[in-house]
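Participant: Now for the letters of each chain:
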Amino acid sequence: MKNTVKNILKVLLGLFVFLLVDYFIFTVGQL
Amino acid sequence: MRIKRFFQSLNHRHYICFAVLVASVLCSVFVFPWASQRLGESFRDFGTSCAWYYSFLVNKTPKCEATVTGLTSTPLTMPWNLPNTWEEFKVAWKEYWALIFTRDNFSEYMSHVADVLLVICKTLLIVMPVFAIGIVVRSLNADVTNNDYNTDSKSLTRWKRLCGKYYQPFKRWCLDSVQFLKDNSYWYKLCLFVWVYNFNVLSIVVEALAFYLYFIVVFSFRDIYRQIFKLFVDLSSMLDFIPGVLWVCFALWLINRIRRSIGYKRLNGFENKNREFLGDRPIVTLWCGTMGTGKTTAITSAGISTEIIFRDKAFELLLETDLKFPFFPWINFENELKKAISRHSVYNLATCRRFTSSKAKAFAKRPCKQRIFMYDYERYGLTYDNKLEVVDIWKALEDYAQLYFIYTVESSLIISNYSVRTDNVKMDEGNFPLWNTDLFEKEPALVQAYSRHSHILDQDTLRLTKTLIADNMYADSFEFGVVLITEIGKERGNMLENKVFKKSDSEANPVNDQFNSTLKMIRHLGSVCNYCFVRILTDEQRPSSWGADAKDLADVVYIQSKSATGLAMPFFALEDLLLSWFHSKFSWSYSDYRYRRGDNTLPMYLYHGTASKLHSYYNRTYNVFGFSRWQVQVVNGMNESDVKTAEFFQMVYKDYKDRFVSDAFSDIWRVRSLRSLYGIEDLPEYQHTRATVDEFRKQNSYFMVDLLSTVFNGTDETPGLRP
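Line order of the protein sequences matches chains A and B. With the first letter of the first sequence counted as 1, position 31 gets the number 31 in the numbering used here; the numbers rise by one all the way through. With the first letter of the second sequence counted as 1, position 472 gets the number 1472 in the numbering used here; the numbers rise by one all the way through.
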């Protein structure tokens, strides 16, 4: 259970980082 | 006729490869017509850069213009509309940061995210009915119970027939094709070359060299931007041509490569920390912990690491000795020594010393080059001054011979009272051998071919005076190595247990065999160049189980706690979650299916196969990258107030890759159990929760014998009990 919570947090963090990077790349296209 | 027969005998894959190659070349002409022009331009840039570089070296003004900073004349364009020049880039950079934190841009991005979510939702809606059908089929079959053992359903029989007809031959053909490409590697090399050309990779490499030469001359950082710009222009043909799905596959493959490499780096880091920990320990170490804490795992792991430490140390000292006499022909000396080892006239450290001393005597009698391995001693000298002592070459050769012997021993350096497998690979091209001591990334074929098992520990070799076997031929054989003794207390006993033995006994016993003296003197036995090549690693549940005299020599390492098995490889959380979820779902439905049915159906066949593949992927990942962090407490055997805490890493792949078995003595118990005619089903059971006197009698317990004889005062009520 402890590992599951840890893994969920890791996945959420990964998703956040992915969206952030995607946002930066998206903005390049908006210039 | 002969030519026709030749073509007929050719493997059909040659024709396929030829067709692929022709298609690739046609792509060069029709799809990538600018590749040749770009290659020409890059060679022109390289030529002008060379001219600039030469002019710079001879301090002259270059006669031509450097073209490397110019743009291509091909119609290739910059992807993503990046600015052409550094000045334009600076303006765009400011605009970028002004735009990124605006509400409009963020809203635009959110609508873009919403579009992606819409696609995902639509896909889910399309896929959902398939799952719904599965759920309906399962609920319809929920009550089916049968005993049709191993009978395939009609749909499964049909599926297996289809697979046998199409899938299996296709899979075989693919595997054969992979082998074909390995055997005829020129086909894929040719194709690779054509595509490297098509995608302007050759131009990129030549342009990079051209810019390097130009940069040395002008040293202008501003021009680097132009090169990045040109790089993206060259890559544009590849970016446009390869479809998005392939890019996603490539990205996933790359992420997998990166995370595996990080995982291996972390495992090697843990191993280095373990070696540092072992380096700080004395010659004898006693690992303690309760049953099942992993004491034997710990000494096995430590033994494997110590063996590698010994090989590395021997190599380091060999190099040090070599540097004392850099012009000595060491290869001649090694070859002579190798011959002596193969003749078995050199087989331990003492015979290594005898070998060099006999050579030294022969040289002293009549000094000449032939008697000192063709060393030009008149030119380079026979001594080396290290400011501590003047080392004679024969002393250096004596050390070198012993170190070379330790370094090149092909069998394991581990001597143990249970079996341990090692798989260090000795690479030898007939010159100086090298050891591949990598623990994690060695090819499985190498591991299989080079596996060796530890030597059987004859305890007489560690007894200084009396031995269990009179005239034991191995009694004096121990000189160096890593000795692993599990359950040392049971072998040696402590003072209370050894009270029954006397020093004057004619037979060897733990009191008169001088085992402890061997441990105390062992440094004198296996030291070369002041480094002791002996370690004794033992384990026992409690340190007091081993006699205090021996325990005082050792560091006692208590295993205090172990973390849950973690993964050294990062970015596995999503797979971990999904695979664990899938496995829990499968194990529930599979156990229910096994309970109710004895036949095989298509849905369960597919479900079972998928679950097995996924579970094996999950298990393999944890078996390769799994590790556990142990907290250990190190207590000095002589001074129990000297306590240190440390970390020790247990790595699944290193420690459990068929290294040893935790039930090392199980064969003895197997024979004992086979002697019995009864098993657990034959043992009598209690009739109620309150045991009867008869049932107590059946326990044959000392306590019960005492209690019952007291209660019944030794009357007939307690027949058959032991006095």
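Careful, some of the hints might be misleading.
[What the hints assert, rightly or not] If the Cβ cut is set under 8 Å, some of the chain B residues that face chain A in the computed set are:
hint	residue
1	E1108
2	Y1109
3	L1124
Simulated from the structure, these hints should not be mistaken for laboratory data. We put the beta carbon where it would ideally sit given N, CA and C, even for glycine.
Participant: For each hint, tell me whether it holds in the structure or not.
Facilitator: Hint by hint, here is what the structure shows:
no.: 1; hint: E1108; in the structure: 7 Å, holds
no.: 2; hint: Y1109; in the structure: 5 Å, holds
no.: 3; hint: L1124; in the structure: 17 Å, violated
Violated hint: 3 only; the structure is consistent with all others.
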